[in-house]
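Protein chains: 2
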Amino acid sequence: MSTDKVWTAGMLVIGDEILSGRTKDKNIAQVASWLQVQGIRLTEARVVSDNMDAIGEALNALRERYDYVFTTGGIGPTHDDITVDAVAKALGVPVVIHPEARAILEDYYKDKPGGLTEARLRMARVPEGAELIPNRMSAAPGIRHGKIHVMAGVPNITAQMLDALTGKLEGGAPLIAETVGCWVAESEVADALREVEKAHANCQIGSYPFFREGKTGANFVIRSTSRDDLESAVDTLCEALGELGFDFTPGGI
Amino acid sequence: MSTDKVWTAGMLVIGDEILSGRTKDKNIAQVASWLQVQGIRLTEARVVSDNMDAIGEALNALRERYDYVFTTGGIGPTHDDITVDAVAKALGVPVVIHPEARAILEDYYKDKPGGLTEARLRMARVPEGAELIPNRMSAAPGIRHGKIHVMAGVPNITAQMLDALTGKLEGGAPLIAETVGCWVAESEVADALREVEKAHANCQIGSYPFFREGKTGANFVIRSTSRDDLESAVDTLCEALGELGFDFTPGGI
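Note that the protein sequences, when read in sequence, are chains X and V.
At position 179 of the first sequence the residue is numbered 179 (UniProt numbering), and the sequence of numbers has no breaks.
At position 119 of the second sequence the residue is numbered 119 (UniProt numbering), and the sequence of numbers has no breaks.
This list has only true hints and no planted wrong ones.
Stretch-level coverage of chain V by chain X, calculated; a stretch enters the list once three of its residues show a Cβ under 8 Å from a Cβ in chain X:
#	stretch
1	37 to 48
2	112 to 121
Covered, in the sense of this in silico footprint (three residues per stretch, anywhere, with C-beta under 8 Å from a C-beta of chain V), are these stretches of chain X:
#	stretch
3	29 to 35
4	119 to 129
5	208 to 221
Far from chain X by the CB rule (all over 10 Å, computed), these chain V residues:
#	residue
6	Pro94
7	Leu132
8	Glu170
9	Ala173
10	Trp183
11	Ala199
Because the hints were derived from the structure by calculation, they are not lab data.
Ideal Cβ placement from N, Cα and C applies to all residues, glycine included.
Work the whole structure out from these sequences, hints included.
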């Protein structure tokens, strides 16, 4: 396996509550940041409603394109939790009760009123052939099926599942980033940014304007998989900003 | 035009900074909430990087499927702002300078150092045939081209553009929602939720669990386009929760 391979991931956020605006998604940013550290690049994310066809179609599109797929949402015990069924249908496999998941749930609910009800047992259902992704926060596990990772929608639980996956996925060189902040309208340095990026083929520069304390500023984020290339691009950018007469702040504002 | 038509929208969030996890997207929730009030349902959202092909492909998929498309991000003056070019390419039209946008920018920059530079003039570029979406916060306007609405990535500016569009798009009956909160593990009421939803065809019920103050609870959100159906479903749900012996909180916890 070449070390230059860029490992890619697609993400699927599932839930009517995101598309209604009721709940602000936190999982795209959380999964994206985690993937950076694993050396895997989040290349696309999609948000779909709690609908079998919408989930299945998006999942199939993402798994065809990327090395990994991560889903969040829709794996609880209620009627609107249909992710497992939709994933199984998309993969063309039946839904089965995972014996280990059943054991975890039996243990978790043994002292709780009602015990392991049929609704709770729903959380042991997996697409046939799946492994579990444990989480320490609640009994319901996540699910891995080949390149697909099915995780919870509640961000704290998603975090537990990501923690369980840390270091276990093959990835490439992580993308590293440096930020340079400047009290400047980005339009004043647009040419300089373009030239610095052109001169450093292995680096990308993003420009993120803001309005703060009544003033206009921007953070310039330089990203690369190479520490040397990154530092060289940062140096060139700082030099260019200095020549234009702007004060800049390494690390960002 | 039937009043029963469900008006749909797709959303395209454009930007490497979202997919790297550096910036948490706030625009999906913002646009989603705004669309609810317009009687338009956000049905799908996609996040793609600052890449011509990725933007074009996602835009074409969304505009084929939905009545409206909203994009955020990538319309500033810097080299990584390629949304206008990507939209024009996807539509098969040239990029032109919009005379009104040029006039706005000329006025805005007339007293500023450098004046209307070439980089700043980039913000007057539109796909041929476009109209402007004004914003009061910065000079750079948003762009409407048929069903496509191209907006800023900075959430405060996006908000200004949405404000300018308020009441101007044809929509259907807005989806209204009521929330009932309950200190209960959602698995204990999964059957009741399913039955209430089944008995009220024009309503959807979402179940959103949380952990707070060391306890498990859930908010149940009932959505409908009909006030009567919504209230009937809320009554039935509250009755069912009461019969099961749970305290519930109208309005949510």
